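There are 2 protein chains.
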Amino acid sequence: MTDEKESVEFDGLICPVPLAHNSRIVLGHGSGGRMSRDLIEGTFFPPFDNPILRAGDDAAVLDLDNGLRIAISTDAHVISPIEFPGGDIGRLAICGTVNDLSMMGAIPLYITASFMLEEGLAIPRLVAITNSMRAAAEEAGILIVAGDTKVVEKGKVDEIFISTTGIGRIREGVNIYGRNAQPGDVVIISGTIGDHGIAVLSARGDLGFEANIQSDVAPLNSLVADMLQGAEVSKGVNGIHVLRDPTRGGLATALNEIAVQSQVSITISEDAVPVRQPVLAACEILGFDPLYIANEGKLIAIVSEDCADLVLASMRANQLGRDAAVIGEVTSGPPGKVLLKTSIGTTRVVDMLAGELLPRIC
Amino acid sequence: MTDEKESVEFDGLICPVPLAHNSRIVLGHGSGGRMSRDLIEGTFFPPFDNPILRAGDDAAVLDLDNGLRIAISTDAHVISPIEFPGGDIGRLAICGTVNDLSMMGAIPLYITASFMLEEGLAIPRLVAITNSMRAAAEEAGILIVAGDTKVVEKGKVDEIFISTTGIGRIREGVNIYGRNAQPGDVVIISGTIGDHGIAVLSARGDLGFEANIQSDVAPLNSLVADMLQGAEVSKGVNGIHVLRDPTRGGLATALNEIAVQSQVSITISEDAVPVRQPVLAACEILGFDPLYIANEGKLIAIVSEDCADLVLASMRANQLGRDAAVIGEVTSGPPGKVLLKTSIGTTRVVDMLAGELLPRIC
Chain A
703 MTDEKESVEF
713 DGLICPVPLA
723 HNSRIVLGHG
733 SGGRMSRDLI
743 EGTFFPPFDN
753 PILRAGDDAA
763 VLDLDNGLRI
773 AISTDAHVIS
783 PIEFPGGDIG
793 RLAICGTVND
803 LSMMGAIPLY
813 ITASFMLEEG
823 LAIPRLVAIT
833 NSMRAAAEEA
843 GILIVAGDTK
853 VVEKGKVDEI
863 FISTTGIGRI
873 REGVNIYGRN
883 AQPGDVVIIS
893 GTIGDHGIAV
903 LSARGDLGFE
913 ANIQSDVAPL
923 NSLVADMLQG
933 AEVSKGVNGI
943 HVLRDPTRGG
953 LATALNEIAV
963 QSQVSITISE
973 DAVPVRQPVL
983 AACEILGFDP
993 LYIANEGKLI
1003 AIVSEDCADL
1013 VLASMRANQL
1023 GRDAAVIGEV
1033 TSGPPGKVLL
1043 KTSIGTTRVV
1053 DMLAGELLPR
1063 IC
Chain B
703 MTDEKESVEF
713 DGLICPVPLA
723 HNSRIVLGHG
733 SGGRMSRDLI
743 EGTFFPPFDN
753 PILRAGDDAA
763 VLDLDNGLRI
773 AISTDAHVIS
783 PIEFPGGDIG
793 RLAICGTVND
803 LSMMGAIPLY
813 ITASFMLEEG
823 LAIPRLVAIT
833 NSMRAAAEEA
843 GILIVAGDTK
853 VVEKGKVDEI
863 FISTTGIGRI
873 REGVNIYGRN
883 AQPGDVVIIS
893 GTIGDHGIAV
903 LSARGDLGFE
913 ANIQSDVAPL
923 NSLVADMLQG
933 AEVSKGVNGI
943 HVLRDPTRGG
953 LATALNEIAV
963 QSQVSITISE
973 DAVPVRQPVL
983 AACEILGFDP
993 LYIANEGKLI
1003 AIVSEDCADL
1013 VLASMRANQL
1023 GRDAAVIGEV
1033 TSGPPGKVLL
1043 KTSIGTTRVV
1053 DMLAGELLPR
1063 IC
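Those protein sequences? They're chains A and B, same order as listed. Under the numbering used here, think of the first position of the first sequence as 703, with each following residue one higher. Under the numbering used here, think of the first position of the second sequence as 703, with each following residue one higher.
Just so you know, the hints here were simulated from the structure itself, not pulled from any lab data. Don't take every hint at face value.
Which copy is meant is left open, because identical chains are indistinguishable; a pair holds if it fits in one copy or across any two.
Claimed, not checked - Listed next, the in silico DMTMM-like pairs over lysine to aspartate or glutamate satisfying Cα-Cα at most 20 Å (straight line): (1) 856 / 821; (2) 1043 / 972; (3) 856 / 1058; (4) 1043 / 991; (5) 1039 / 991; (6) 856 / 820; (7) 937 / 1007; (8) 937 / 1011; (9) 937 / 1031; (10) 1043 / 986; (11) 1043 / 1053; (12) 1043 / 1031; (13) 937 / 874; (14) 1039 / 972.
Note that the structure is predicted; figures quoted are calculated from it, not measured.
Please build the complete structure, drawing on both the sequences and the hints.
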């Protein structure tokens, strides 16, 4: 997100300072938290460097001819198990990319999918996944326009991985970027947090008890459309400054990213963040903080104060935002910091996810 | 490619007739040949069905607002080993997608990359790959604008898989599709065939001798730009009817696809197809037919007779097309058939690749 880190060359390769010759990939590099950021800033940004990539938002924004602005986003999906309460890898692959486009205020139009299949995968399982993708694509109103399929030997991939890439159109006047949060803005979450992560843990049998928690995986483009309409009624679509879906790394990590990108402080109230009782119970037993658990059908909205009420009302009128709540505000406090007012009245810094919490959660 | 196959439902899922409940994925489903086609037509087309996807070309063509036509293409790259003579998985990932866009006559603009990394992968290996991607992207003149990284446990993926998706702009007047071959058209290949496949086999140590063969992996967009210019000088860009890069499944499979899409017959002369001596020698020892070996820096062009000379001259003036040769013609013979005039004067049918030849070649 920042340009602070210099790259150096070793063995003629463009490479970052912090990664030594003998370092290796660990699971934490895929956490979506601090280690992911270090890997991306160290290994990917220096060779690929360009301003579009560096923006560091959920999707890249491309200015094409004739004034057309297009958002493009790509995701690899490696979730395990491939079926879980509330969804499967197919639904996740479609929704993950639809949501990244939606977080730029784009209307998702087209999606591509590439499949890496393990030799021996039962074809009925694959058919269940492609049917699930179809249903999610219909729900989101997008077309699957291109694909690719590779097969590797048994044991060289875990059942099935799916990469999806989507493109969407951003209409005039919509300018939603991670760098746009301003002091005084209101922070909204669209619903309960932690459902996806705990549902996947439960599918793995890692909870040790029956949880009856469903993943929230859903395409959020209809919710964003309603929000833009709500904002338009009050102060115009420019009242929506930032949208982000708190996936890997959870709400805490996503808020930290925004705080860094916008160089602002964000304060949230623990009591205001909606968490389902069984999710809270599972987190307490496992020692997890729900602020770091992945979501796949929720969004954070940072909006100007004068249109917050109408945006919130438009969210609550949509089934996907019925539990939407104001959870905090943007302040001119220490730039890049997220602060939590706890239930017991203290205030503490909430950092990005460090290390790895739940591997292969998406 | 055709709509002949009906889909049926079982267990409430949209599913193809030919795939039974108990069938499983085998390596042949990733061959790029007949089994790949059956899997795609059986498992992916019925649920995802739409005309853009059904076109079955190297990239999908999207009509956006304001008369803008965009090509989009996606590829999963699972090659083993990840480094081979003449390239690595990074160069392959960029070139594979650039070439699919180029085969629609599109000017490649932007590319996204998603990475699936194995826990324990040495970071200097990853850095070598990202640097190789950078070099290939610069060569092709495209920007890497978005990415994603996932990490899975050791043994759940083989080192690194990379999925790339590219978009490019198709300028007005360019209409290059697999369905456009016409009787009387000339068939051109841009250079020697089989180099990539044999180079990868050699890197695996599967040849049993020193071959000194380099993969041909290269971005073909500059070659296509020169060809369009060559065609323009004679009869306009519409003189170029079909372009296709013969990757998995080789020249024979790609020609069969075109013959089916255009419902024409294609006749090629064995003696006219350029093959390097060491590739021919390796194929003879291993019992392979070079017509089925993968290429990653070659293209087939099917052009109207009246502009063939100028297109061929423009190809030969480009380093990537210096060995370009006319190898046959499109006829009104049996639709969907490819015929080979052999060195010994006989004519035989050349089918798509059946089964699997070289797994994980791209």
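Quiz item: Which hints, by number, does the structure contradict?
Solution: none
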